[in-house]
Amino acid sequence: MNSVASKRLFQEYKHLTTDPPEGITAGPVNEDDLFLWEAMIQGPEGTPYEGGVFPAELKFPKDYPLMPPTMKFQCDIWHPNVYANGVVCISILHPPGDDPNHYEQASERWSPIQSVEKILISVMSMIAEPNDESPANVDAARMWRERRSEFDSRVKADVRKSLGL
Amino acid sequence: MDSAYDVPDSTDWLNTPLAALADLENALHCQICKEFYDTPMITSCSHTFCSRCIRTSLSADGRCPACRASDQASKLRNNWQLQEVVSTFLAARPQAIQIARAERDNANNARKPGKRKRAVLDSDEIAEVEKGGRTTRSKSRRTEASQLSQQETIEVEDSEGDDDFEPEQPKDDGLVECPLGCGKRMKIEAVEPHLDRCEDEKEAEKRAKSRTPLGAFGGSRASPRQTPRPQDRISELNYSLLKEGAMRKKMDELGLPSFGSKQLMVRRHTEWVNLWNASCDSSRARSKRDLLHDLDTWERTQGGKAPTSSQGHAIMRKDFDGAGWANKNKDDFSRLIADARRKKNATPAEPASKSEGVEGMGSSATHPDENPMSDGTLPQASSSQQCSGNAHANPSESAELGAPTLSTNGMHGTSSNLDNPQSPIQQPSEPANGHLEKTISGNGGDRRRESQDYHLNSQDGKEPCELPSHVATSPLKKMPMFSIPHELSET
Numbered sequence: 001m002n003s004v005a006s007k008r009l010f011q012e013y014k015h016l017t018t019d020p021p022e023g024i025t026a027g028p029v030n031e032d033d034l035f036l037w038e039a040m041i042q043g044p045e046g047t048p049y050e051g052g053v054f055p056a057e058l059k060f061p062k063d064y065p066l067m068p069p070t071m072k073f074q075c076d077i078w079h080p081n082v083y084a085n086g087v088v089c090i091s092i093l094h095p096p097g098d099d100p101n102h103y104e105q106a107s108e109r110w111s112p113i114q115s116v117e118k119i120l121i122s123v124m125s126m127i128a129e130p131n132d133e134s135p136a137n138v139d140a141a142r143m144w145r146e147r148r149s150e151f152d153s154r155v156k157a158d159v160r161k162s163l164g165l
Numbered sequence: 001m002d003s004a005y006d007v008p009d010s011t012d013w014l015n016t017p018l019a020a021l022a023d024l025e026n027a028l029h030c031q032i033c034k035e036f037y038d039t040p041m042i043t044s045c046s047h048t049f050c051s052r053c054i055r056t057s058l059s060a061d062g063r064c065p066a067c068r069a070s071d072q073a074s075k076l077r078n079n080w081q082l083q084e085v086v087s088t089f090l091a092a093r094p095q096a097i098q099i100a101r102a103e104r105d106n107a108n109n110a111r112k113p114g115k116r117k118r119a120v121l122d123s124d125e126i127a128e129v130e131k132g133g134r135t136t137r138s139k140s141r142r143t144e145a146s147q148l149s150q151q152e153t154i155e156v157e158d159s160e161g162d163d164d165f166e167p168e169q170p171k172d173d174g175l176v177e178c179p180l181g182c183g184k185r186m187k188i189e190a191v192e193p194h195l196d197r198c199e200d201e202k203e204a205e206k207r208a209k210s211r212t213p214l215g216a217f218g219g220s221r222a223s224p225r226q227t228p229r230p231q232d233r234i235s236e237l238n239y240s241l242l243k244e245g246a247m248r249k250k251m252d253e254l255g256l257p258s259f260g261s262k263q264l265m266v267r268r269h270t271e272w273v274n275l276w277n278a279s280c281d282s283s284r285a286r287s288k289r290d291l292l293h294d295l296d297t298w299e300r301t302q303g304g305k306a307p308t309s310s311q312g313h314a315i316m317r318k319d320f321d322g323a324g325w326a327n328k329n330k331d332d333f334s335r336l337i338a339d340a341r342r343k344k345n346a347t348p349a350e351p352a353s354k355s356e357g358v359e360g361m362g363s364s365a366t367h368p369d370e371n372p373m374s375d376g377t378l379p380q381a382s383s384s385q386q387c388s389g390n391a392h393a394n395p396s397e398s399a400e401l402g403a404p405t406l407s408t409n410g411m412h413g414t415s416s417n418l419d420n421p422q423s424p425i426q427q428p429s430e431p432a433n434g435h436l437e438k439t440i441s442g443n444g445g446d447r448r449r450e451s452q453d454y455h456l457n458s459q460d461g462k463e464p465c466e467l468p469s470h471v472a473t474s475p476l477k478k479m480p481m482f483s484i485p486h487e488l489s490e491t
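Just so you know, the protein sequences line up as chains A and B, in that order. What the first sequence shows, in the UniProt record's numbering, is residues 1 to 165, in sequence order. What the second sequence shows, in the UniProt record's numbering, is residues 1 to 491, in sequence order.
In isolation and in its complexed conformation, chain A is listed as follows (with noise of 0.2 Å):
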């Protein structure tokens, strides 16, 4: 079945099999299944998650381009802007639209020109900057606000466990 959407997400998919991004990785789970994609994002340098690996997995509507997809952790990152459960709480993931709350603006939010490479690249610049304006993860933002040294020490202790160090 060639829909629009698994089209896209094979073009996608080879784009970034054969030119990916600098610490990520991404493809479908099975490629008998487009719309269920793994990613793997390196800790960026410099910050305290330096050197961990984080999995996670994206899930794409049948309507996609024209709505975002759904990311979630599959492993524990104690970060501001990703749920307990592992959500990714981003505005490129938000569907197009002005925000109720007027926290985003228009441009911030999903538009059927960005893709799973900017999606990713996002992702990687929040873990190294946290936006604490509207966190998901309420706890992880006071202590990031806070006590960032408590912070930091927290999120590398979980990086050298989740490597089995």
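Treat the hints with care, since some could be wrong.
Said to hold, decoys possible - Quick list of in silico lysine-lysine cross-link-like pairs, DSSO-like style, CA-CA up to 30 Å:
1. A:Lys-7 <-> B:Lys-343
2. A:Lys-7 <-> B:Lys-305
3. B:Lys-328 <-> A:Lys-72
4. A:Lys-72 <-> B:Lys-330
5. A:Lys-59 <-> B:Lys-262
6. A:Lys-7 <-> B:Lys-262
7. B:Lys-288 <-> A:Lys-59
8. A:Lys-59 <-> B:Lys-330
9. B:Lys-288 <-> A:Lys-7
10. B:Lys-305 <-> A:Lys-14
11. A:Lys-59 <-> A:Lys-161
12. B:Lys-305 <-> A:Lys-59
Source of the hints: derived by calculation from the structure; they are not laboratory data.
Could you slot chain B onto chain A? The hints should help.
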């Protein structure tokens, strides 16, 4: 992997001596489908997309995907020059990529003398490809891909059954020509209503043509076989004015499937309008049968015949079924209520207003949509506790705060204060700062953890990061938590 999925991509150029062409190829890609422009159309804001891509996108939210300027499908104009650039590039691409790859392989082999033989083989392969003879598997896939891409410039959609494509024989579609000779073809039933409008439409068309004279000539080279029959664009209907029966009739008139709810028919009609008009934009109009084939693909992937098990991909919609959601997550909600009750029982003294509050919570918890709102009211509730200690002194007032407007999240915060009638008396005796801190680190944190639980639950229910949870988190910005730390950080 299905070889039909093997698509040309700009990354094909990387690692060849012509790597610079990757950027050129990217520039010739539509930003929506990430493929070569197919019938490029230019918007009012001067952005260019494939006809079908931009039409689908505009019917979804009426804005240009690149700059968010509002636009209408009727204002789109063909970008014939770009179309010609794309088709010329596509014609040259297969040869160019073969030469580039051969060059790369030569260079590789020169470095590894042991593989000299392979280079000879490669040039043989190219010769074979040029003759159209048998090739090795990898080569044939490459050429297949480039052939595929060439086809794609001609057709709006890459269709599975290429045999269906018979632009020269549109007569088999069971339509009749307009008796007034406007050249339009339609179903027999549609002739009667058409006769009334025929003259007007011809006038309108003439006017439209005279306004855009370039459109008629620009694409002549790209379309040597212009279809003789003119195709009129159709427009979306005023769906809100149509009842389900009338909508069904319209669908039948157009020869489209008319099953399903009105909503589904509206979506199907919109899709059809986009397909049809994209075909009109193209220099080669496609047969109705071909278009119906595409509509069927849509039906099977996104329409009425789409697999329904894919709830995991669901995204919050305007027509979100709040009651159904509450029903589905009843277990979670009742668990939260039970949790709340248990916590309540843990505190010894319990005024009557308490259980009232829990009832109120139960009813409001069944409306997840309300939670964000009530979350928003929380800061007010807690600030009134902080600022005016006598807010608690009046049980009816606090019950008002605690009951329907407050939800699961709110209950733990307020109820612990509510339960403790002494607190208003104790609190004023504490130093103001200490009290603030206590409310924040104690109750505030607790309440927030609860609100997080709520998000957690709502997301485990396969609605990740949907609007409500986002809305629910945003008001947190107003919470004392962030205004006070700034006081703390100053010290």
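Hints versus structure:
no.: 1; hint: A:Lys-7 <-> B:Lys-343; result: violated, 53 Å
no.: 2; hint: A:Lys-7 <-> B:Lys-305; result: holds, 19 Å
no.: 3; hint: B:Lys-328 <-> A:Lys-72; result: holds, 22 Å
no.: 4; hint: A:Lys-72 <-> B:Lys-330; result: holds, 24 Å
no.: 5; hint: A:Lys-59 <-> B:Lys-262; result: holds, 28 Å
no.: 6; hint: A:Lys-7 <-> B:Lys-262; result: holds, 28 Å
no.: 7; hint: B:Lys-288 <-> A:Lys-59; result: violated, 34 Å
no.: 8; hint: A:Lys-59 <-> B:Lys-330; result: holds, 25 Å
no.: 9; hint: B:Lys-288 <-> A:Lys-7; result: holds, 22 Å
no.: 10; hint: B:Lys-305 <-> A:Lys-14; result: holds, 28 Å
no.: 11; hint: A:Lys-59 <-> A:Lys-161; result: holds, 27 Å
no.: 12; hint: B:Lys-305 <-> A:Lys-59; result: holds, 20 Å
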